[in-house]
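K.L.:
Chain by chain, the residues:
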Amino acid sequence: MKNDIITLAHGGGGIRTRNLIKELVLAHLGNPILNQLDDSAVVSFESPDLAFTTDSYVVNPLFFPGGDIGKLCMCGTINDLVMQGAIPKYIGLGLIIEEGFAIADLDKIFGSIAAVSRETGVLVVTGDTKVVEKGRGNGLYINTSGIGVRRPGVSAGISNAKPGNVVIVTGTIGDHGIAVIGKRQGLSFESDLESDVASLDSLISLLFNELVASINVLHDPTRGGVAAGVCDIAESSNVGIELVESHLPIKKAVKGACGLLGFDPLNVANEGKAIVVCSADAAERAISILRTHTLGKNARIIGSVVPDHPGMVLLKTAMGGERIVEVPAGEELPRIC
Amino acid sequence: MKCAVLNLARQDMVRMNKRIEQVYALFAEAKQPLKFMEVCGTHTMAAFRSGLRSLLPERLSLISGPGCPVCVTANDSINKAIAIAGCPDTIVATFGDMIKVPGSTTSLERVRAQGGHVHVVYSPLDALDLARKNPDKRVVFLGVGFETTVPGVAWTIKNSAETGVANFSVLCMHKTMPAAMAALVSAGPIDINGFLCPGHVSVVIGSNAYAFLAEKHKVPCVVAGFEPMDMVGAIEMLLRQIVEGRSSVEIEYSRSVTPEGNLAAQRIIQEVFEPCDAMWRGVGRIPGSGLKIRREYAAFDAELIFSDIAIESDDENPACICGKILRGVKTPYDCALFARQCTPSEPVGACMVSSEGTCAAYYAYAKKRGA
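So the protein lines, in turn, are chains A and B. Residue numbers for the first sequence follow our numbering, beginning at 1 and rising by one. Residue numbers for the second sequence follow our numbering, beginning at 1001 and rising by one.
Calculated directly from the structure, the hints in this document are not laboratory data. Beta carbons are placed, not taken as given, at the ideal position from N, Cα and C, and that holds for glycine. Check each hint, because a few of them may be wrong.
[Said to hold, decoys possible] To give an idea of the interface, some chain B residues facing chain A are shown, with a C-beta separation under 10 Å as derived from the structure:
id, residue
1, Thr1042
2, Arg1049
3, Gly1096
4, Asp1097
5, Ala1214
6, His1217
7, Leu1304
8, Tyr1365
[As the list claims (entries may be wrong)] Calculated pairs, DMTMM-like style, for lysine to aspartate or glutamate (alpha carbon to alpha carbon, straight line, at most 20 Å):
id, chain 1, residue 1, chain 2, residue 2
9, B, Lys1218, B, Asp1191
10, A, Lys162, A, Glu98
11, A, Lys134, A, Asp105
12, A, Lys108, A, Glu98
13, A, Lys252, B, Asp1012
14, A, Lys316, B, Asp1012
15, B, Lys1100, B, Glu1316
16, A, Lys183, B, Asp1129
17, A, Lys255, B, Glu1021
18, B, Lys1031, B, Glu1021
19, B, Lys1035, B, Asp1334
20, B, Lys1100, B, Asp1334
21, B, Lys1158, B, Asp1129
22, B, Lys1035, B, Asp1012
23, B, Lys1018, A, Glu322
24, A, Lys316, B, Asp1334
25, A, Lys134, A, Glu98
26, A, Lys255, A, Glu210
27, B, Lys1100, A, Glu326
28, B, Lys1324, B, Asp1334
29, A, Lys22, A, Glu46
30, A, Lys183, B, Asp1126
31, A, Lys22, A, Asp49
32, A, Lys297, A, Glu194
[Unchecked claim] In silico negatives: residues of chain A with every beta carbon more than 10 Å from chain B:
id, residue
33, Gly14
34, Gly30
35, Ile96
36, Val149
37, Ser159
38, Val306
39, Thr317
The task is simple: from the sequences and hints, build the whole structure.
P.N.:
Right, dumping it as structure tokens:
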């Protein structure tokens, strides 16, 4: 009998589970800590100041232009740690696999996880696999937890934006959301738009190495896009934020797709971008540092923090008008009007 | 699924500034506060996204009309769609923004969360495709929209008849624009000095459809495109009519709109649909303002196919004054429900359902002023 799909037996804890772990998980991700296969991983840190996060990945489709759920879960977890000024160290993975899932696809996904692990030095040290009956899952769900060591001297936090600060985005916005929805709905865009999914550790390290005292906020604009991200900052810091529409870096293909679907690029998800709020005197240096890195080559100043209208974000529009930017109400929906 | 992409090159900025200056000069000449209604939801959207309102003279206001088809869909239509979504072996296929619109007690979004079969599609053809792929299910497309979307739905119904797709039907909630504008101006006092007539609808129906507004009701009309420059140009043309004491129908969006419109599209609408009365959320019943599927295509009429299902009955909330807000005679602050029972997350009336509706905009700006 061919062993090409996941069956309930793979989650049963018996021989098949063991084989799956050895042949797939350890083959891709093996390291001295994970190889113990003990009930939990024992790790140690050089500093007591840790960042700890958890996240779940339910993306549909599992494979999309520019990445897959494996790359996404690693980068997403790493970025959550990086946004707190931490150096990401260890990740735990919980997989919920739907019966009938192709082992070849699982192999590809573990390959993507391993690639991110190799590039970033972040180790997968613990994990779990469960299999659910056909029809009870979307192929694969992944839950992660991540732990990192906070850099010394970091004061960045979502409530630390101050009037006079400058708002930077590290690259083009909306790429991930449009790439995923394009694949999901079978919309064929003429350009090869790809998700921006990437680990931001090396990019943000460059900023921290030189400007650690000047960075007030780091935030990754994932679901809800840059709009939700800057609104979060304005609300938590109780400051106003003014964005300048003509400064927003947006790819032509994203702008076009948003126009067609009635989306606002500000509301579309990103998976490899950060919003950086820093003091005005450090802004130019921050931009030139970011632009030395491939992930930051389109970094731009997109606005500033103001003392007026605390908690609210305004956008100076391209035609010279002004509008309020709000947290999107729910899922981004294609409009007919 | 059509929104103006707001891009302005530098030379356009210069032209825009000149146009805005023109608007201020003409407004000064008009010597009175003015209210223009942008009838179409896409204009509302474009005005919102470009911040157009903030560039106009303070006493020249743009009010949003009943032209967002999703927002004006009445409770009983939504209730019907919800009831259909609960039927066995049935899939409701809909444009995305419909799923948030509240019915009497729930919405399609909530029904979907509770296991109802609600699919978001991007075109009626996607719904027909869904029917072909699921021959054991009944696929019901929610036909929403004005004359812009109607020809596509008409074509889809014809196509399913010709190709024998028996499990596809349309719950027809289509409405027509001129009848709604007629109802607005004849339903009581209005305080609207000019209409920015919808661009896409007019591509289909032609600008002649608005002649009665200018001739009988003496309200200036300009058909506008959807770029910010189009809208400012149309406002300038409306002001010019007022300053010159005229009321006529003019076309700013001349690259797409003709006085007669698209005759082929008009023919297919007439072939598949016929006029009927329709309920408008926040406005009430408007005679002749809706479309229903003709008897020849009865096999595709979800209204008939699902005529025996139980539907939650409901009237519009009597305290809602959307109708008066739409006519420009009241503001959201005059409404007892505003910001209390009626908020963007729990909207009651049409003007709050759309994030760019008049009430939703007031709600957001009230927050800005700290009110």
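K.L.:
Tell me the hint numbers this structure goes against, listed in increasing order.
P.N.:
Hints 5, 6, 7, 10, 17, 20, 22, 24, 26, 29, 31, 39 are the ones this structure does not satisfy, whereas the remaining hints hold.
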